[in-house]
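All chains, please: the whole structure from these sequences, using the hints.
So the sequences go chain by chain: A and B. Each number in our numbering comes from the position in the first sequence (counting from 1) with 130 added on. Each number in our numbering comes from the position in the second sequence (counting from 1) with 1 added on.
Honestly, the hints are just simulated from the structure, not real lab data. Please note: incorrect hints may appear among the correct ones.
Calculated cross-link-like contacts (lysine-lysine; reagent style DSS-like; alpha-carbon spacing at most 25 Å) [stated by the list, open to error]:
#	chain 1	residue 1	chain 2	residue 2
1	B	Lys291	A	Lys391
2	B	Lys215	A	Lys157
3	A	Lys331	A	Lys294
4	B	Lys215	A	Lys133
5	A	Lys137	A	Lys331
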Amino acid sequence: MAKILEKTILAPKIVRMIIDTPEIARKRQAGQFVIVRISELGERIPLSIADADPERGTLTLVIQEVGKTSACLNEMEPGEEILDVVGPLGIPTHIENFGRVVGIGGGVGIAPLHPIIQALKRAGNHVTTILGGRSKEFVIMEDEMRKVSDELLICTDDGSYGKKGFVTVVLQELLDAKTPIDFCIAIGPPIMMRNVCKITKPYGVATYVSLNTIMVDGTGMCGSCRVTVDGKTRFVCVDGPEFNGHQVDFDEMFKRMETFKPLEDEAYRRHQEQMKKKPVRKVAMEGD
Amino acid sequence: MGDPEKKKAALRIPRQKMPHLGLHLRKTTFQEVPLGYSAKQARLEAQRCLQCKRTVCIQGCPVLIDIPAFLQLIVDGDIIGASRKIKEANALPAICGRVCPQEDQCEKTCVLAKKGEPLAIGRLERYVADYEREHNAVEVPPLPPPTGKRIAVIGSGPAGLIAASELALKGHDVTIFEALHKPGGVLVYGIPEFRLPKKIVEAEINYIQSLGVKIKTGYIIGMLYSVDELFAQGFQAVFIGIGAGLPRFLNIPGENLCGIFSANEFLTRANLMFAYDFPRADTPIVVGKKVVVLGAGNTAMDAARIAIRLGADDVCIVYRRTRAEAPARIEEIQRAEEEGLKFHFLMAPTRFIGNDDGWLRTMECIRMELGEPDDSGRRRPVPIPGSEFIMEVDTIVNAIGSGSNTILFRTASDIERSKWGTIVADEETGLTSKKGVYAGGDIVTGAATVILAMGAGKAAAVAIDEYLATL
Chain A
131 MAKILEKTIL
141 APKIVRMIID
151 TPEIARKRQA
161 GQFVIVRISE
171 LGERIPLSIA
181 DADPERGTLT
191 LVIQEVGKTS
201 ACLNEMEPGE
211 EILDVVGPLG
221 IPTHIENFGR
231 VVGIGGGVGI
241 APLHPIIQAL
251 KRAGNHVTTI
261 LGGRSKEFVI
271 MEDEMRKVSD
281 ELLICTDDGS
291 YGKKGFVTVV
301 LQELLDAKTP
311 IDFCIAIGPP
321 IMMRNVCKIT
331 KPYGVATYVS
341 LNTIMVDGTG
351 MCGSCRVTVD
361 GKTRFVCVDG
371 PEFNGHQVDF
381 DEMFKRMETF
391 KPLEDEAYRR
401 HQEQMKKKPV
411 RKVAMEGD
Chain B
2 MGDPEKKKAA
12 LRIPRQKMPH
22 LGLHLRKTTF
32 QEVPLGYSAK
42 QARLEAQRCL
52 QCKRTVCIQG
62 CPVLIDIPAF
72 LQLIVDGDII
82 GASRKIKEAN
92 ALPAICGRVC
102 PQEDQCEKTC
112 VLAKKGEPLA
122 IGRLERYVAD
132 YEREHNAVEV
142 PPLPPPTGKR
152 IAVIGSGPAG
162 LIAASELALK
172 GHDVTIFEAL
182 HKPGGVLVYG
192 IPEFRLPKKI
202 VEAEINYIQS
212 LGVKIKTGYI
222 IGMLYSVDEL
232 FAQGFQAVFI
242 GIGAGLPRFL
252 NIPGENLCGI
262 FSANEFLTRA
272 NLMFAYDFPR
282 ADTPIVVGKK
292 VVVLGAGNTA
302 MDAARIAIRL
312 GADDVCIVYR
322 RTRAEAPARI
332 EEIQRAEEEG
342 LKFHFLMAPT
352 RFIGNDDGWL
362 RTMECIRMEL
372 GEPDDSGRRR
382 PVPIPGSEFI
392 MEVDTIVNAI
402 GSGSNTILFR
412 TASDIERSKW
422 GTIVADEETG
432 LTSKKGVYAG
442 GDIVTGAATV
452 ILAMGAGKAA
462 AVAIDEYLAT
472 L
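Here's what the structure looks like:
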């Protein structure tokens with residue numbers, strides 16, 4: 131059980147929660163994740179760790195509503211308990227002083243990028259961060275990311291904030307300007323990660339991506355999360371979540387991520403219908 | 002049994018048949034299939050026991066249950082007493098009565114088997130345990146005063162549960178760390194509801210908790226804490242019973258197509274996560290029209306029977322050897338066949354072929370013949386060149402076996418392992434290469450049975466108790 135201590139809405143359908151999980155908070159490292167379950171008949175979903183405070187004993191999760199479970203989670207309020215939070219999972223990011231590093235975060239992928247960039251900066255790297263979102267309101271955590279970056283570049287699909295275009299446009303400009311890049315890490319929608327890798331490959335820029343495939347246990351037991359990397363089957367939960375992006379078979383991964391799509395959509399649709407019928411829930415009522 | 006008349010009478014009683022759930026319900030629901038003996042059947046069956054002086058049945062039992070004693074208590078009408086007699090040796094009787102391969106153990110050595118059918122020891126074990134539980138007669142046995150010694154048990158499967166209960170009965174302070182959200186290991190994620198109802202697992206685990214054993218779920222040792230950190234936290238001994246939780250794949254082309262699942266994934270979704278109850282339960286599962294389960298062990302039978310219940314039109318086993326070599330219990334194969342499972346023997350897939358969306362559509366198989374015996378003593382399957390053919394299939398469940406999960410060893414490299422990844426442990430005591438660390442069950446032997454894991458857990462508990470006395 132992990133109590134929700136704080137909740138902030140960062141963007142439409144994107145919520146930040148600070149939860150009370152002292153043991154994981156003390157142990158987790160950049161790049162790791164947790165698996166969460168919210169009810170007895172609930173599913174287990176992997177969630178990135180956006181930040182942790184070992185003294186306070188808290189983890190920060192940034193959750194985007196993409197289906198029933200994430201929707202239910204985002205409807206929870208401070209004071210409520212999350213039934214299970216398991217972690218830390220995955221291999222921590224390999225942190226060293228590469229020199230000049232570019233971190234790319236797209237949408238909710240900005241959240242897991244935060245601790246990685248923070249660690250890279252602390253290790254002495256010069257960090258350029260590119261943040262992208264559909265529009266201004268989806269560019270989340272700008273202030274936190276600015277704090278841990280030497281340079282922060284922002285772009286939006288519709289041009290409502292920063293440069294107009296995808297993160298790949300900004301990255302291409304850096305490469306065109308012959309900006310030296312020793313290491314690149316990209317986290318965001320799968321398609322964004324693939325496109326970043328396509329761009330950096332001809333330049334020979336080492337590019338890592340953090341994958342978020344379907345998981346059940348998260349401990350290497352089921353193999354639901356398997357991806358092909360460098361021609362070999364790897365498990366994202368225990369061999370990842372970060373891999374050399376130039377070796378990832380993204381096409382296969384996209385297809386595998388659709389395995390349960392019709393059922394997931396059905397569950398989400400049923401949930402949304404139920405929520406419509408329910409009276410609006412009151413938050414932190416006085417005198418309670 | 003001294004009285005020859007009584008003995009003759011006993012020999013005239015036939016082995017009592019187990020009543021089963023109707024076939025329609027079996028194919029459409031996850032209700033338990035064997036329904037259990039009636040009181041009359043149980044008494045009749047127990048009366049068949051000859052109370053032999055040489056207790057060969059006990060020697061066939063990995064946890065050494067006093068079988069003639071509990072059978073006599075049934076004959077005497079003391080069913081609860083019979084259950085408690087079993088519990089002196091085995092804290093999980095309702096589970097073992099259901100999933101032990103008795104035909105290879107206690108019933109194999111039963112004297113009655115020489116002339117006819119052996120005594121149905123497993124069914125009676127189940128009967129008395131169910132009786133005690135259903136009559137709310139489960140009681141905590143008297144416990145010795147606390148020793149103050151602390152033991153960490155990693156994994157809450159059969160090995161860990163028995164190690165924990167045995168150590169608790171000796172007065173030690175035991176904490177089980179379980180990675181998943183529910184305790185039981187393979188008993189909850191692996192064995193399906195229709196073979197082992199989860200409420201029974203829960204009840205037997207509650208009993209172990211009533212002995213003072215603490216269970217912490219959602220604790221992944223290796224990630225959250227290392228074995229060394231457990232010692233630093235004040236545990237004086239550690240028992241590792243983490244099972245065989247790593248799916249094995251065939252490493253042939255197309256294995257990552259959608260529609261191909263490891264048995265671990267398929268079973269975990271269906272059993273632990275209740276995916277058969279989707280959308281009431283949130284975890285989805287998909288089965289196509291034509292399901293092929295690879296392998297012929299108990300796991301394969303479980304997966305096939307789940308696929309039948311989830312509404313697949315056609316479910317079959319593809320196995321590279323023959324029926325004679327199939328490792329599943331004969332009883333499980335029979336149950337599965339009654340439910341409509343078909344078998345293709347002497348056949349193995351060579352590649353999987355999908356459509357543009359990445360979904361499995363067909364597989365190429367090759368026919369096999371049996372050659373010389375291999376290391377396991379079974380005749381080795383050899384491919385027949387040029388015998389490849391294409392078979393239609395849209396769901397594969399791969400149940401060819403499982404290996405050892407390595408997550409624990411990331412932070413415990415000082416625990417010696419074999420080239421197969423299993424822990425090297427003393428056969429008698431379970432002691433590993435690391436002081437104070439014991440191991441048992443599938444993580445030592447490779448994938449085996451619930452009861453063998455329990456036997457190992459029990460033996461290790463004895464050794465741990467002796468070790469703690471030296472501290």
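Now for the hints, and whether the structure bears them out:
1. Lys291/B <-> Lys391/A: 20 Å, holds
2. Lys215/B <-> Lys157/A: OK: Lys215/B and Lys157/A at ~22 Å, within 25 Å.
3. Lys331/A <-> Lys294/A: 24 Å, holds
4. Lys215/B <-> Lys133/A: Holds - the C-alpha atoms of Lys133/A and Lys215/B are around 22 Å apart, at most 25 Å.
5. Lys137/A <-> Lys331/A: Distance ~39 Å between Lys137/A and Lys331/A Cα, so the pair is violated.
The earlier numbered hint that this structure contradicts is number 5, and it is the only one.
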